[in-house]
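Peer 1: Top to bottom, those sequences are chains A and B.
Okay, so the first sequence: first residue is 1 according to the working numbering, each after it adds one.
Okay, so the second sequence: first residue is 112 according to the working numbering, each after it adds one.
Honestly, I wouldn't trust all of these hints.
[Said to hold, decoys possible] Label-pair distances were calculated between CB atoms; the ranges are:
{"id": "1", "chain 1": "A", "residue 1": "Phe111", "chain 2": "B", "residue 2": "Pro205", "range": "25 to 35 Å"}
{"id": "2", "chain 1": "A", "residue 1": "Arg42", "chain 2": "B", "residue 2": "Pro135", "range": "24 to 34 Å"}
{"id": "3", "chain 1": "A", "residue 1": "Glu71", "chain 2": "B", "residue 2": "Ser197", "range": "31 to 41 Å"}
{"id": "4", "chain 1": "B", "residue 1": "Arg220", "chain 2": "A", "residue 2": "Arg42", "range": "32 to 42 Å"}
{"id": "5", "chain 1": "B", "residue 1": "Asp201", "chain 2": "A", "residue 2": "Arg42", "range": "48 to 58 Å"}
In short, the hints are calculated from the structure, not lab data.
As the structure is a computational prediction, the values presented were derived from the model and not from experiment.
Don't be surprised by glycine CBs; every beta carbon is placed ideally from N, CA and C.
Okay, here's what each chain looks like letter by letter:
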Amino acid sequence: MRFTLKKDKSGVVIVGVEGQLIVGNRQELKQKVLDALEEGSRKFVIDFSKTGYIDSSGLGVLVSLSKKIREQGGELRLAGLNADLQTLFELTKLDTLFSITRTAEEALTAF
Amino acid sequence: MKLDVPSDLGMVGDAVELVASHLPPGTLSPRRISFNLRTALAEALGNAIRYGTGEDPDRVVSVRVELGGDVVRIYVVDDGHGFDTSRLPDPTHPDNLEREYGRGLFVIRHLVDDVAFNEKGNGICLTLRAG
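Please put together the full structure from these sequences, using the hints given.
Peer 2: This is how it looks when you write it as structure tokens:
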């Protein structure tokens with residue numbers, strides 16, 4: 001499991017989630033994104049193309065981050081969900097809360 | 112298979128991998144092991160550690176896995192006071208959608224074939240069937 005952060009040329013922060021986003025590591029992701037927000041970044045894409053599974057704590061941290069980023073005038077987008085993760089977002093209705101694209105590149109284009 | 116998981120949220124991922132990697136091939140489809148089982152077990156362990164044992168490092172959560180033909184049953188039991196599962200709000204209600212917590216049991220119910228609790232409310236049994 002690891003999280004990677006990189007910034008594209010237009011300043012969008014792309015966060016990669018390798019492995020899983022669960023109760024045991026969600027605070028690490030939250031802190032990394034909040035640090036970037038504190039440093040002035042406002043546009044974020046979380047790329048789940050290398051993610052196996054997400055539990056409800058992981059979903060909860062995404063909801064919390066989205067709210068904090070919006071409060072600062074920014075936006076959080078999600079990308080790269082596999083079929084199972086897409087279903088998870090649909091059954092929890094969180095697909096109505098987030099802008100979700102097939103790939104991180106699509107998310108970047110849409111900003 | 113039996114294991115005692117320390118009451119540490121940082122151990123959840125490793126415990127889930129340990130259980131998933133020790134299931135005999137063919138018990139469940141690889142997809143159900145890699146997503147349904149892992150997610151549901153992470154939920155159950157997270158709940159037990161956070162609410163059952165209060166993340167007390169001196170306590171453990173017990174996991175027992177039973178295999179029976181095309182069925183896998185996973186029992187997760189803590190030594191806490193238990194909780195009433197019938198009084199949980201619907202996390203998909205518009206008023207609850209932006210809440211950070213409260214989706215765990217809802218997610219579990221959608222990922223496994225059957226969920227049962229012991230009488231005290233401090234033990235959950237997740238049943239997954241092949242197919």
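Peer 1: Decide, hint by hint, whether the structure agrees.
Peer 2: Verification of the hints:
1. Between A/Phe111 and B/Pro205 the CB atoms are about 27 Å apart, so this pair conforms to the stated range of 25 to 35 Å.
2. Restraint check, A/Arg42 to B/Pro135: a C-beta distance of roughly 49 Å breaks the suggested window 24 to 34 Å.
3. Distance hint for A/Glu71 and B/Ser197: a CB-CB separation of about 35 Å, consistent with the stated range 31 to 41 Å.
4. At about 37 Å, the CB distance of B/Arg220 to A/Arg42 agrees with the hint of 32 to 42 Å.
5. Separation of B/Asp201 from A/Arg42 is about 33 Å and departs from the stated range, judged on CB atoms against 48 to 58 Å.
When held up to the earlier numbered hints, the structure conflicts with 2, 5 and fits the remainder.
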